[in-house]
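Q: For the record, the sequence lines run as chains E and V.
By the count of the numbering used here, the first sequence reaches residue 208 at its end, each step adding exactly one.
By the count of the numbering used here, the second sequence reaches residue 112 at its end, each step adding exactly one.
Hints listed in this document are in silico derivations from the structure and should not be mistaken for laboratory results.
Any given hint might turn out to be false.
Claimed, not checked - Pairs of lysine to any residue residues, derived as SDA-like cross-links and limited to a Cα-Cα distance of at most 20 Å, are as follows:
| no. | chain 1 | residue 1 | chain 2 | residue 2 |
| --- | --- | --- | --- | --- |
| 1 | E | Lys88 | E | Ala33 |
| 2 | V | Lys98 | E | His138 |
| 3 | E | Lys82 | V | Arg83 |
| 4 | V | Lys74 | E | Thr196 |
| 5 | V | Lys105 | E | Glu99 |
| 6 | E | Lys82 | E | Arg46 |
| 7 | V | Lys74 | V | Gln97 |
| 8 | V | Lys105 | E | Ala18 |
| 9 | E | Lys192 | E | His138 |
| 10 | V | Lys98 | E | Ala33 |
| 11 | E | Lys192 | V | Lys105 |
| 12 | V | Lys105 | E | Gln15 |
| 13 | E | Lys192 | E | Ser164 |
| 14 | V | Lys98 | E | Met106 |
| 15 | E | Lys88 | E | Gly44 |
| 16 | V | Lys74 | E | Met106 |
| 17 | V | Lys105 | E | Arg59 |
| 18 | V | Lys105 | E | Arg46 |
| 19 | V | Lys98 | E | Asp103 |
| 20 | V | Lys74 | E | Tyr197 |
| 21 | V | Lys105 | E | Glu62 |
| 22 | V | Lys74 | E | Pro21 |
| 23 | E | Lys82 | E | Glu128 |
| 24 | E | Lys82 | E | Asn63 |
| 25 | E | Lys192 | E | Glu99 |
| 26 | E | Lys88 | E | Glu149 |
Treat the numbers as computed from the prediction; the structure is a model and nothing was measured.
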Amino acid sequence: MERAAEIELARQLLAGTPEAFDRFVDHFRAKIFHYSRIMCGHREDAEEVVQETLLRVFENFGQLREPEHVRAWVFRIAKNACLIKRRKSVYAPQQELSLDELMPARAPGGDPMKIEIADWSGLPEDEVLRSELQHVLEDAIANMPEIYRSVMLLRDVEELSTEDTAQVLDLNTDAVKTRLHRARLLARKQIDTYLRANGQAVERN
Amino acid sequence: MATHRHDENCQRMFALLSEYLDLELPAETCQEMDAHIAGCGPCAAFTASLRKTIELCREYRPQELPDPIARDARQKLLEAYQKMLAGRRS
Ligand SMILES: [Zn+2]
Numbered sequence: 004m005e006r007a008a009e010i011e012l013a014r015q016l017l018a019g020t021p022e023a024f025d026r027f028v029d030h031f032r033a034k035i036f037h038y039s040r041i042m043c044g045h046r047e048d049a050e051e052v053v054q055e056t057l058l059r060v061f062e063n064f065g066q067l068r069e070p071e072h073v074r075a076w077v078f079r080i081a082k083n084a085c086l087i088k089r090r091k092s093v094y095a096p097q098q099e100l101s102l103d104e105l106m107p108a109r110a111p112g113g114d115p116m117k118i119e120i121a122d123w124s125g126l127p128e129d130e131v132l133r134s135e136l137q138h139v140l141e142d143a144i145a146n147m148p149e150i151y152r153s154v155m156l157l158r159d160v161e162e163l164s165t166e167d168t169a170q171v172l173d174l175n176t177d178a179v180k181t182r183l184h185r186a187r188l189l190a191r192k193q194i195d196t197y198l199r200a201n202g203q204a205v206e207r208n
Numbered sequence: 023m024a025t026h027r028h029d030e031n032c033q034r035m036f037a038l039l040s041e042y043l044d045l046e047l048p049a050e051t052c053q054e055m056d057a058h059i060a061g062c063g064p065c066a067a068f069t070a071s072l073r074k075t076i077e078l079c080r081e082y083r084p085q086e087l088p089d090p091i092a093r094d095a096r097q098k099l100l101e102a103y104q105k106m107l108a109g110r111r112s
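Chain V with its partners taken away, still in its complex shape (with noise of 0.2 Å):
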């Protein structure tokens, strides 16, 4: 079990971790963000484990798909589409 002293700088840091991940701050920030992890365990174990996270979202594909579409619903959707194209060429 991983456990520090939770001082200001990780309270800081806690507000702007996602930010930092998405490479949103400032540079100045951004550097000031690695100095403090490179020197705080239990921060870099929380960053990682957040960036686990966003990166189990990225992969997430969810296992139910709709189901095939019905050939009116498709002759719908082409008709749409036709018209939408007419439209334009005219």
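This is chain E alone, in the form it adopts within the complex (with noise of 0.2 Å):
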């Protein structure tokens, strides 16, 4: 559904219209599970959230004062839901990663000045490939951080904007954009290491 048509429907909701209700709970019933499922990591836990948020949506739909903002709106009462369920021995760093960790690969030999990229060209034309790089990407959110993984479903999954990303998690911006940064590169390298371990021809420059 386009951003347009959710606001849209949004309003609909708010304004009583019969057949919004359906339509929205089918549209963010999935939305909610896939970030649940991955924030929480069980499925019988993603459920109970997508259903607990919904009630809490429905209930509370009258103070939704900005329809534009509905799925960021959403979303907090998600990330909320996750926060109750979540369970204990999820790794949550108390520093923010060194980049120095994400830098590029080291070249073997030895040089620390030296950086190995695999070949990326088959993207994004290969079908295959990408249907590839959906797994390793989906393992590489599942397995990051639990402060860079919300962040990255909510800017690049979600596609919410970096103030809307604050708001929902309750960070200044600066915070959303420094880990954001540092799960793309977490993802990124997951993703660098499977293209070279599967034999992608490299890149010279």
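Combine the two chains into a complex, taking the hints into account.
A: Below, the structure is given as structure tokens:
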């Protein structure tokens, strides 16, 4: 669903248009599930988060002042529902990862000033590769520290703005940018490693 | 295998790449980066790989779907919705 259609749907729901209810439920159930499935790690938890989130959404829908921000508003409720479900073992670093750890891989041979980059030229045209990389990406997101995972899901998967993401997560915009960059670098690194391990011809510059 | 001397400019670039790709940098910084990337093969390759990572995220849709909504779960949501609407009208 396009962003504009989603906003229109929110307006219809506020106005009490009868068919808006089921469309809204279908649309956001899938979205919230995708987010909470990765944030919670367990399917049953994710299903519960979906229902709890939608219940709170409908109870409080009258408080949605700006239908343009409906997606961020729903995700804020979903995020809080996920926090309650969170299992204790989730690894959460106290400090941001240093960028040095996310620099391109060092070339073998010991020269610390040299980097390696796999050949990414199969993207986006190669359909098979793209679908393989979707799995690599899913693993990368699922396994990154939670503070990065949530930012990446909201900014790059749900395509919320930096400001909306900051609101959802109770962060300032600089923290969103810092975390997003690290999340992307982590995901990039995993994909790069996969490409090299799977014999994508490497590129020379 | 792309190898190159990783100089200070490259390092500075590296820290700003996401903001660069999101068009969140001041115009001047952005132009500096354009110029650097145009003349630095490894940074160009790295930037392209980061851009493609973001594109993969945007098209990422998990395989797994939620179970179809149960009748009583839907009913509960509908009641909450109708109650909210009634509250707005009164
Ligand atoms: Zn460079």
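Q: If a hint holds in the structure, say so; if it doesn't, say that too.
A: A quick look at each hint next to the structure:
no., hint, verdict
1, E:Lys88 with E:Ala33, "18 Å, holds"
2, V:Lys98 with E:His138, "35 Å, violated"
3, E:Lys82 with V:Arg83, "19 Å, holds"
4, V:Lys74 with E:Thr196, "14 Å, holds"
5, V:Lys105 with E:Glu99, "44 Å, violated"
6, E:Lys82 with E:Arg46, "16 Å, holds"
7, V:Lys74 with V:Gln97, "43 Å, violated"
8, V:Lys105 with E:Ala18, "13 Å, holds"
9, E:Lys192 with E:His138, "14 Å, holds"
10, V:Lys98 with E:Ala33, "18 Å, holds"
11, E:Lys192 with V:Lys105, "49 Å, violated"
12, V:Lys105 with E:Gln15, "16 Å, holds"
13, E:Lys192 with E:Ser164, "24 Å, violated"
14, V:Lys98 with E:Met106, "50 Å, violated"
15, E:Lys88 with E:Gly44, "10 Å, holds"
16, V:Lys74 with E:Met106, "17 Å, holds"
17, V:Lys105 with E:Arg59, "12 Å, holds"
18, V:Lys105 with E:Arg46, "30 Å, violated"
19, V:Lys98 with E:Asp103, "50 Å, violated"
20, V:Lys74 with E:Tyr197, "14 Å, holds"
21, V:Lys105 with E:Glu62, "8 Å, holds"
22, V:Lys74 with E:Pro21, "41 Å, violated"
23, E:Lys82 with E:Glu128, "35 Å, violated"
24, E:Lys82 with E:Asn63, "16 Å, holds"
25, E:Lys192 with E:Glu99, "17 Å, holds"
26, E:Lys88 with E:Glu149, "13 Å, holds"
In summary, the structure is inconsistent with hints 2, 5, 7, 11, 13, 14, 18, 19, 22, 23 from the numbered list given earlier, while agreeing with the others.
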